[in-house]
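Asks: Here is what each chain is made of, one letter per residue.
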Amino acid sequence: MYGKRLRALALTTFAALTLTWVLAFFWAPDDADQGFLQKIFYLHVPLAIVTLGGFVYGAVAAIMHLRTRDSRWDMRSYVAIHLSLVFGVGVLITGSIWARGSWGVWWDWSEPTLVSFLLVMLLYATYQPLRFAIEDPERQARYASVFAITAGAFVPINFVIVRLSTAYLHPRVLGNISGNLPGRFQVVFYLSLVSMALLWITLWRYEMTSKHAGAQLRALRRRLSGEDEDTQPRRSAVPTLGVEAGAPR
Amino acid sequence: MSAPGVSAPGAGPRVPRTRVVLAALLRKELTVELRSFEAVPAMTLFSVTTFVLFHFALSRNTLSGDLASGVLWVTLLFAAVLGINRLFVADAEQGGFDGFLLSPADRSVLLYSKALTLLAYLVVLEVVAVPAFALLLLGPALWPALPGLLAALALGDLGIVVIGTFVGALAVRTSVRDLLGPMISLPLLVPVLLCAARLSSPLLGAGHVGSLPLRWLATLALYDLVFGLITFAVFDFLLED
Chain A
1 MYGKRLRALA LTTFAALTLT WVLAFFWAPD DADQGFLQKI FYLHVPLAIV
51 TLGGFVYGAV AAIMHLRTRD SRWDMRSYVA IHLSLVFGVG VLITGSIWAR
101 GSWGVWWDWS EPTLVSFLLV MLLYATYQPL RFAIEDPERQ ARYASVFAIT
151 AGAFVPINFV IVRLSTAYLH PRVLGNISGN LPGRFQVVFY LSLVSMALLW
201 ITLWRYEMTS KHAGAQLRAL RRRLSGEDED TQPRRSAVPT LGVEAGAPR
Chain B
1 MSAPGVSAPG AGPRVPRTRV VLAALLRKEL TVELRSFEAV PAMTLFSVTT
51 FVLFHFALSR NTLSGDLASG VLWVTLLFAA VLGINRLFVA DAEQGGFDGF
101 LLSPADRSVL LYSKALTLLA YLVVLEVVAV PAFALLLLGP ALWPALPGLL
151 AALALGDLGI VVIGTFVGAL AVRTSVRDLL GPMISLPLLV PVLLCAARLS
201 SPLLGAGHVG SLPLRWLATL ALYDLVFGLI TFAVFDFLLE D
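Protein sequences, first through last, are from chains A and B. Numbered according to our numbering, the first sequence spans residues 1 to 249. Numbered according to our numbering, the second sequence spans residues 1 to 241.
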């Protein structure tokens, strides 16, 4: 189900990322103020936006899970949050490098976007421990969805409140993008955003395919060796998919 | 009007009124706490001990302004986390959830009763901790700051209550609830801490008492409201089994 057209998607993503980086380095002009350092903008900012978008998608999938009680929605939410956590570490590292390059410090508390992002990461870092601490798969899925919804709502609120608390320092990207970005910057920035989103989607689909294939394999094994085996699955933070062996999906 | 707890005859199955259920649940919470003294004494003692710790850690005899407000709020927050951790334990371990779910009462009433219980814990905590803070650490006098501080405490408590009740219910039926409770609640409580500390710091300034910063008051009230709604929306899903 998730494996269809995956190769085409992966190739498109690869091409889009390559094009973005070629354009970013050789076509987009150097920033007048920050020079070559500003190129990290095309990595850091799309990464951050895609990460937060992934968390919000995780919340939406969690809402769908609570509405439909379909374990596939729980798996979608889980994979989205998992992937965004990995992307988020990348955001913190690239942000730190950028801060060091342009402000001379690895970390800056007067930078609201960076601080809010850290808070969001600290909160989401408890998602997997929470799942792992609940043994019953049904309750684990339900509690994880409740957490994902609350944390997803926390993302925008937190950004607003932390931004209120500090003076502006960060280049405002979404607020006034047409105001301060000349044409070529803008083209490359949107392209980088699209390619980063494609990368997230590709990885998400690979992970979903793998999880789904794994669940089907286990179901087939169970059928081969009689129904008794694997009735006590290992305790895990990964959602359990209710897959029938050989059922076409 | 019919007798309390009994709906009008012919109105279908008997469903107790919210007010009656709430009163019964609050009476239960009060009885449990008065018999066991599990949460509130530990919270108050913890707060006083933490003030002593801050005295030694900062090597200061008196605090004022930002530092006073920060120390007060961090202490209250950590003491509150102790209460949050205990809030649902008796229900999870001794069948309180099952008993409640078997009754025909509306599930949200459990949320209200727990929130009011936590609020009562916090009020008792602050009745002890704030005078103790004024006595032990605060440089400027407490009296002129008190009206503003009460507003800050009320809104801060409300934030702690809505987040604490949610996280308490989420963490209690996990295998490591004592660890997960603080880990989940503290990031969610950062905006409350931020607003409450900014609200209180001009009140506790040396020299004169500044005015209450209304921007922070409004932000904190809004955060309390939004999180209250989120907690209300998702709480039922935590109680399904």
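If you're looking for bench data, these hints aren't it; they were derived computationally from the structure. Positions of the beta carbon are idealized from the N, C-alpha and C atoms, including for glycine. There may be inaccurate statements among the hints.
To be verified - Here's a subset of chain A near chain B, in silico, CB distances under 7 angstroms, partners left out:
(1) Leu118
(2) Leu119
(3) Leu123
(4) Thr126
(5) Ile134
(6) Leu220
Unchecked claim - If you want a taste of the chain B side facing chain A, the calculated C-beta under 7 angstroms gives, among others:
(7) Pro182
(8) Leu193
(9) Leu225
(10) Leu229
(11) Ile230
(12) Val234
(13) Leu239
Asks: A separate judgement is required for each hint: does it hold in the structure or not?
Replies: Taking the hints in turn, this is what the structure says about them:
Restraint check, Leu118 of chain A versus chain B: the minimum CB separation of about 9 angstroms is more than 7 angstroms; hint violated. At about 5 angstroms, the closest approach between the beta carbon of Leu119 of chain A and any beta carbon in chain B falls short of 7 angstroms, and the interface hint on this residue holds. Against a cut-off of 7 angstroms between C-beta atoms, the interface hint on Leu123 of chain A holds, since the closest Cβ of chain B lies about 4 angstroms away. Contact between Thr126 of chain A and chain B, as hinted, is supported at the beta carbon level, the nearest pair being about 5 angstroms apart and thus within 7 angstroms.
Residue-level restraint check for Ile134 of chain A holds (minimum Cβ-Cβ distance to chain B is 5 angstroms; threshold 7 angstroms). At about 30 angstroms, the closest approach between the beta carbon of Leu220 of chain A and any beta carbon in chain B exceeds 7 angstroms, and the interface hint on this residue is violated. Evaluation of the Pro182 of chain B hint against chain A yields a violated restraint, the C-beta minimum of about 10 angstroms exceeding 7 angstroms. Checking Leu193 of chain B against chain A by beta carbon gives a least distance of about 11 angstroms; that is not within 7 angstroms, so the hint is violated.
Evaluation of the Leu225 of chain B hint against chain A yields a violated restraint, the C-beta minimum of about 11 angstroms exceeding 7 angstroms. This hint is violated: Leu229 of chain B has a C-beta 9 angstroms from the nearest C-beta of chain A, more than the 7 angstroms allowed. Hint status for Ile230 of chain B relative to chain A: holds, with the closest Cβ pair at about 5 angstroms, below 7 angstroms. Given the 7 angstroms rule on beta carbons, the hint for Val234 of chain B holds: about 5 angstroms separates it from the nearest Cβ of chain A.
The restraint placing Leu239 of chain B at the interface with chain A is violated, with a minimum CB-CB distance near 10 angstroms, outside the 7 angstroms limit.
The structure is inconsistent with the numbered hints 1, 6, 7, 8, 9, 10, 13, although it conforms to all the rest.
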